[in-house]
Amino acid sequence: MTSATTAHSVVEPSATTRRFAGSLVVLYAVITMIPLVWIMLTAFKSPDDAISYPPKVLFKPSLEGFCNLFTTRSRQTPEFIRSLGPPQGMCDDIARSRNMVVAGPSNYVPRFVNSLIIAFGSTVLAVALGTLSAYGFSRFRVPLKDDLLFFILSTRMMPPIAVAIPIYLMYRTIGLSDTRLGMILLYTSVNVSLAVWLLKGFIDEIPREYEEAAMIDGYTRFQAFVKVVLPQATTGIAATAIFCLIFAWNEYAFAVLLTSGNAQTAPPFIPIIIGEGGQDWPAVAAGTTLFLVPIVVFTVLLRKHLLRGITFGAVRK
Amino acid sequence: MNELSASSRITYRAVMVRPSVAHRIRGLSDRTLAWLFITPTIVLLLAINIFPLLWTIYLSFTNYRANRANVPTIWLGADWYQSILTDPDIWAAMQVTAHFVIWTVVIETVLGFGLAYLIDKKFRGHGIWTTIILLPMMLSPAVVGNFWTFLYQPQIGLFNYVVAFFTGRAASSFQMLGDVTLSPWAIVIVDAWMWTPYVMLICLAGLRSIPDYIYEAAEVDRASKWRQFWSITLPMALPFIMLAVLFRGIENFKMFDMVNLLTGGGPGSTTEVASITLKRAAFESWRTGYSSAFAIILFVTVFGLANIYVKALNKVKSR
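These protein sequence lines are chains R and C, in that order. Take 1 as the starting number for the first sequence in my numbering and just add one per residue. Take 318 as the starting number for the second sequence in my numbering and just add one per residue.
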């Protein structure tokens, strides 16, 4: 992407070196992609193809995994199935070929919706709080600034299980256990430290002169923040939001310990999708694929800011 | 918009009251605004992080059990701390954790730096391939752990098939997740697969921060490529490598989700890293006081190690 700027420099790697380095990296990339590609292929396999030995690379694609992901089915006698009317839709058809009928929708959609609500809710809150604090830390002389910033970061060092014990007791007392609001608040508190650190870096890069000029023109400090700084920080805010979104989307430890039915998100749900006689791998793979697709999209969108995000703004390109 | 008009109203009042103080003319004083902006974050963190932490500290000195809230709470002093620090099971868990942290960090650093070094050669299409390599680290560790259990299935799993294909052993002759000697490595492999890109990305930033003119000077002095690597590339990238090691070390010390899904700590307790021991004590045997004490010990350990390491990092940076 950043093409060579010094074309004839002595330090430019030779064409052979480049080709050699390139082929090694491509080899690594291909190997590292195999597990992901495999899980996506499994999503489109029939249960028999999914567990065949040797593993099948070529197979007849089937949507049974997705059907099993979205429905619950019950086993019936062939006589009963014959007595029913024509199958309603493709999934019913597949189920009947296995002596089953579709009994109703599964819990995947509600869990997925919970994931969406909790991830977006906590992201909006964390970014809003983070932007304000980051501006405060960036522009004003705050007493004990370094200590406060370190305090904000240090909350990330606690093992999640250690935090979960008292949160569990606290939420049980105030009635927030297994609620979306409880999870949103919890994820906000985890994400806000990342948001403050990242956004402080982004806001530090916006020259103070812009606001000062606006304030000379008669803006108040707050107006200058809203009308001058925020538009300049849009990219940073967007990148931070995506990082918060990905964290909340992926989080498992709190979700599995603090939610059971009502507010459960997708990560604790996907591993417990079981069919008859063990895990229903095509259904698990289908659930996993749908769950991972948004992340793949976001990663591509974020690639320029990834480095900052994963190091809490410690490394900037 | 409401806030905006509110603030301009305050401006107006400020002008009326103290017209002489220059910064008051422009809305809220900076100090007020600073506190207005920072306080909500601090309050949230106090409520959801610090208050629970203090509660944990209190519970760690008592016999409280979350599933028997009616039993009167007795103050035990430092009993739990003493029994944890002398408990061979806890030390076994710490050894498992150390094995996991050390091996993952070593493998990820070597592979990650190697990859970054190769990508820094700027071959054609390196941007696209870098993005592809980065994908695993963005995924949910729990979901990753879960689908690796599928790849590790002894009879039908792809991993076993590939290993069998290259070694000639039968695919069902070994169980990555069920064998006491293999399972600690099974979790290391998945973590390395997932997080090598993370180290790679940080190392890449380090390599790109080395200015070309240093290499040009080295060329003029006829320093060999080998020599350049050891006296320029590695020392100058070292702070970045150490930063990556710091982040990975802390994260893997806390590791829970991926291992919980892969092995759940088993077979037996061969992959029972500290967080899983903690979860078993807190949410399966409901020994709340005991697990609170263990949580505090873990937190102090992470915090202490991180502080020592940051000091070392700063020393390297200032060199």
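Honestly, the hints are just simulated from the structure, not real lab data. Just so you know, not all the hints are guaranteed correct.
Covered, in the sense of this in silico footprint (three residues per stretch, anywhere, with C-beta under 8 angstroms from a C-beta of chain C), are these stretches of chain R [said to hold, decoys possible]:
(1) 24 to 35
(2) 161 to 167
(3) 242 to 255
(4) 278 to 292
(5) 297 to 304
In silico negatives: residues of chain R with every beta carbon more than 12 angstroms from chain C [said to hold, decoys possible]:
(6) E12
(7) S74
(8) R96
(9) S97
(10) L125
(11) G136
(12) L148
(13) G175
(14) V190
(15) D204
(16) T234
(17) N262
Note that the Cβ used here is the ideal one computed from N, Cα and C, for glycine as well.
Status of the hints after comparison with the structure:
Taking a C-beta to C-beta cut-off of 8 angstroms, the stretch 24 to 35 of chain R contributes 9 residues in contact with chain C, enough for the three needed, and the coverage statement holds. Using a Cβ-Cβ cut-off of 8 angstroms, 7 residues of the stretch 161 to 167 of chain R lie near chain C, which meets the minimum of three, so the contact claim holds. Counting residues of the stretch 242 to 255 of chain R whose CB lies closer than 8 angstroms to any CB of chain C gives 6, so the stated coverage by that chain holds, three being the minimum. With a cut-off of 8 angstroms between beta carbons, the stretch 278 to 292 of chain R has 7 residues touching chain C; three or more are needed, and the interface restraint holds.
With 4 residues having a beta carbon nearer than 8 angstroms to a beta carbon of chain C, the stretch 297 to 304 of chain R meets the requirement of three or more and the stated coverage holds. Some Cβ of chain C comes within 12 angstroms of the Cβ of R/E12; the nearest lies about 9 angstroms off, and the non-interface call is violated. Every beta carbon of chain C lies more than 12 angstroms from that of R/S74, the smallest distance being close to 26 angstroms; the non-interface claim holds. Interface exclusion of R/R96 from chain C stands, the closest Cβ pair being 26 angstroms apart, more than 12 angstroms.
Listed as a non-interface residue, R/S97 keeps its Cβ farther than 12 angstroms from every Cβ of chain C; the least gap is roughly 22 angstroms. Its beta-carbon lying about 8 angstroms from the closest one in chain C, R/L125 breaks the requirement of being farther than 12 angstroms from that chain. Its closest Cβ contact with chain C, about 4 angstroms, brings R/G136 to no more than 12 angstroms, contrary to its assignment away from the interface. Its beta-carbon lying about 7 angstroms from the closest one in chain C, R/L148 breaks the requirement of being farther than 12 angstroms from that chain.
The claim that R/G175 lies off the interface holds: its Cβ sits roughly 15 angstroms from the closest Cβ of chain C, which is beyond the 12 angstroms cut-off. Consistency note on R/V190: stated as away from chain C, yet its beta-carbon is not over 12 angstroms from all of that chain's, at 8 angstroms minimum. The non-interface label for R/D204 is consistent with chain C: the shortest C-beta to C-beta separation is roughly 15 angstroms, beyond 12 angstroms. Every beta carbon of chain C lies more than 12 angstroms from that of R/T234, the smallest distance being close to 18 angstroms; the non-interface claim holds.
Non-interface status of R/N262 relative to chain C is upheld: no Cβ of that chain comes within 12 angstroms, the nearest being about 18 angstroms off.
Comparing the model with each numbered hint stated earlier shows that hints 6, 10, 11, 12 and 14 do not hold.
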